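> Listed below are the residues making up each chain.
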Amino acid sequence: MSNLKPGEEAVISGFTDELKYLQLMEMGCIPGEKVRLLSKAPFGDPISIQVGSYKLSIRKSEARNILIEKHSEDTRSLQQA
Amino acid sequence: MKTHAAGLKKIALVGNPNSGKTSLFNALTHLRQKVGNYPGVTVDIKKGTAEIASRRIEIIDLPGTYSIYPKSDDERIVSEVLLDSTHPSHPDAVVVVIDATNLKRNLLFCSQIIDIGLPTIAVLTMADMLEKRGIRIDPAKLSEQLGIPVLLVNARRQKGIEKLKHYLKKGFDRPKKEIYSDIPLPSTLLKAGRRLYPDASNYFIWLEILRAQESRKSQDSKMKVLRELLRVEQVNIALIQGKETLGRYKKIEEIIMESVDDSLHKSVQISERLDDVFTHRVWGPLILLAILFLVFQAVFFLADFPMRWVEDGTAWVSTIFSNYLPTGWFKSLLVEGVIAGLGGIVVFIPQIAILFGFLSILEDTGYMARISYITDRIMRGVGLSGKSVIPLISGMACAIPAIMATRSIENWRNRLVTILITPFMTCSARLPVYTLLISIGIPSKTLLGFINLQGLVLLAMYLLGIGMSMAIAYILRFFIPADGKSLFVMEMPLYRAPRWRNVFITMYERSKVFVTEAGKVILIISIVLWFLASFGPADLGMHHEEFNTEQMTNAQYKSYKLKHSFAGYLGKAIEPVIRPIGFDWRMGIAVITSFAAREVFAGTMATIYSVEGDGDEFHSVREAMLHDVDAHGRKVYSLATVLSLLVFYAFAMQCMSTLAVVKRETKSWKWPAIQFAYMTVIAYSASFIVYQLFR
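Sequences listed follow chains A and B, in order.
Quick note: the first sequence, position 52, residue 52 per the numbering used here, numbers continuous.
Here the numbering used here runs 81 ahead of the position in the second sequence, where the first position is 1.
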């Protein structure tokens with residue numbers, strides 16, 4: 001589990017629990033899609049991410065379940081500093 | 082697939098949140114809108130009529146959703162209305178609103194709607210923004226790919242609306258094809274479904290099976306058959322939905338490839354500059370506080386002027402009726418019951434209109450999502466989300482519009498908890514009660530050279546309200562657990578200028594809902610309270626006390642009447658109950674009459690103490706209460722009693738209008754009853770503790 005820093009980009013590779021995260025897929029977080037961590041909320045949580053051409057706010061605990069690939073090296077989870 | 086005959090009567094508007102659906106609805110219907118109610122459903126369905134070539138077409142604005150699979154009660158209504166042909170709002174045709182800048186995600190829901198099989202048309206909004214990004218959508222090709230008509234519309238500039246109206250007038254066909262039909266259902270289920278719905282698409286059958294699964298109580302014969310089959314056949318719903326969603330996206334990518342030219346497309350980096358400021362570590366919360374303060378001030382002070390006009394107007398109408406009607410019970414009913422009750426309803430309109438004007442601007446500009454983003458962390462501590470902040474802050478002005486504002490909380494559990502705790506916030510109606518009581522019981526001392534003790538107590542009352550609401554939210558986690566199903570993922574829309582038409586329509590529509598729905602209850606309770614305070618056993622000839630009322634002054638007579646009314650006797654009857662919290666029967670009467678609204682407390686006290694009601698009323702009530710002594714010569718309003726009264730008014734649900742609004746928002750008497758009961762218990766217990774401590 002490595003960290004995405006604000007401004008860093010990655011590609012969604014899957015979810016830790018495919019069944020639970022239908023809602024995220026419906027909101028556009030689909031495997032293969034680029035995500036970018038935009039910023040953290042003033043109190044550290046939630047975080048805002050860019051998926052496609054729009055912005056989502058997501059709680060860290062929920063973002064942890066999105067698996068990402070950075071520069072096609074390894075599978076990580078969307079969890080940041 | 083059959084062709085739908087021309088002559089549409091009912092159209093449903095569906096689409097993703099922030100897709101411009103509401104703007105389109107407003108552009109089609111203007112002010113010809115009303116809110117539909119369905120038994121057992123807590124969701125409002127907005128309806129309007131569009132007049133197209135002298136024909137009236139009913140437009141139903143369904144809640145915005147990302148998919149046909151509901152994540153909340155609001156969203157459930159979408160599939161209910163579209164699938165159930167016996168539903169009173171079931172449409173002849175569907176208009177899917179699509180945000181062209183988020184085509185892929187919007188097409189997911191659109192493709193699901195298409196596959197249901199109702200006549201469907203797609204409307205692309207915000208296409209103008211695409212040009213700037215170097216993306217071009219070919220509507221003709223997209224239409225060919227989707228098998229339904231596709232139109233470009235700009236509701237802000239009224240572009241494309243006429244063309245849409247033309248289509249609505251003429252009618253349009255069922256979709257030419259299914260976009261995605263690969264639902265791996267057990268063949269027994271599919272066959273049974275086909276027998277029940279011979280003409281329907283595979284997808285429709287699948288959605289009906291899901292609906293059967295959800296609606297355990299439905300007596301519909303088809304639902305029953307499917308439910309029976311589901312008992313035998315195991316279906317992994319989530320797995321099918323996940324596969325379907327991925328499959329649809331794949332298909333959508335092909336469709337986009339065919340119909341969208343993005344060769345000139347510049348990689349989008351969403352403008353971060355505004356959010357760099359608005360959600361900045363330091364500036365973000367500060368700007369938020371400033372904006373919340375502004376909204377609060379507006380509801381609190383700006384509304385004060387029109388509220389005074391309403392009060393003056395009510396008084397003026399009352400005088401006219403008083404002067405022309407003969408004295409008697411009818412005049413009393415009309416003036417003190419009906420006119421006062423109506424005035425008591427209208428008086429809330431300024432606060433509701435102003436709050437919803439601001440909320441609509443915050444929503445339209447996209448700042449509302451940022452409020453949730455910034456405050457989510459704080460509210461999570463008590464089991465809520467950032468969406469509860471606006472209602473709670475609004476509750477510091479008035480609980481009525483605040484509870485109506487909980488509508489923006491999609492999660493039903495969080496909405497309910499917010500409704501239950503909002504009345505603890507110190508609303509403006511408590512202020513006159515607090516200032517009167519503090520001036521009587523709290524000495525005007527200065528602490529540390531600059532802190533006024535009375536001011537400090539007032540501040541403490543505000544904090545007490547906030548503290549109690551947070552504590553109750555925390556405790557409610559054990560009684561109303563989180564459903565754990567829906568995620569708190571939220572779209573943060575781009576910042577945009579507010580659309581003033583939407584703002585005004587929201588102000589008008591919310592005020593209308595309050596008057597027509599909560600107003601009825603308020604009027605009835607006002608009349609009941611009027612009856613209790615104006616009539617007594619003597620009036621009904623139950624028993625007659627010989628008392629010479631001839632020599633009394635007007636104020637003494639009013640005082641006598643109130644003391645011998647049903648409310649008066651009730652106040653005396655509950656004295657044994659309220660004695661332990663330091664109240665006497667006079668306060669008992671005030672508690673009963675101020676159920677209408679907390680500020681009535683001062684007026685009732687004025688009547689009880691036979692204060693001549695002109696000029697310096699506050700001062701004379703204060704004097705009368707200050708010098709009142711009991712049979713033993715002790716002050717009636719001792720420190721203990723005053724503190725007990727303060728705490729009681731802080732926690733008790735002393736507001737019939739709030740209860741009426743809670744009933745309207747939860748669509749049942751269950752929650753207002755629970756709320757009234759638990760707040761009264763808390764108020765009584767807290768007052769008991771305070772009184773016994775300071776006695």
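It is worth saying that the hints were derived from the structure and are not from the lab.
Note that the coordinates shown come from a computational prediction; the quantities given were computed from them, not determined experimentally.
Check the hints yourself; a few may be wrong.
[As the list claims (entries may be wrong)] Using 27 Å as the maximum straight-line C-alpha spacing, the simulated DSSO-like pairs for lysine-lysine come out as follows:
(1) A:K20 - B:K653
(2) A:K34 - B:K331
(3) B:K642 - B:K653
(4) B:K639 - B:K412
> Going through the numbered hints above, which ones does this structure break? Give me the numbers in ascending order.
The structure breaks only hint 1.
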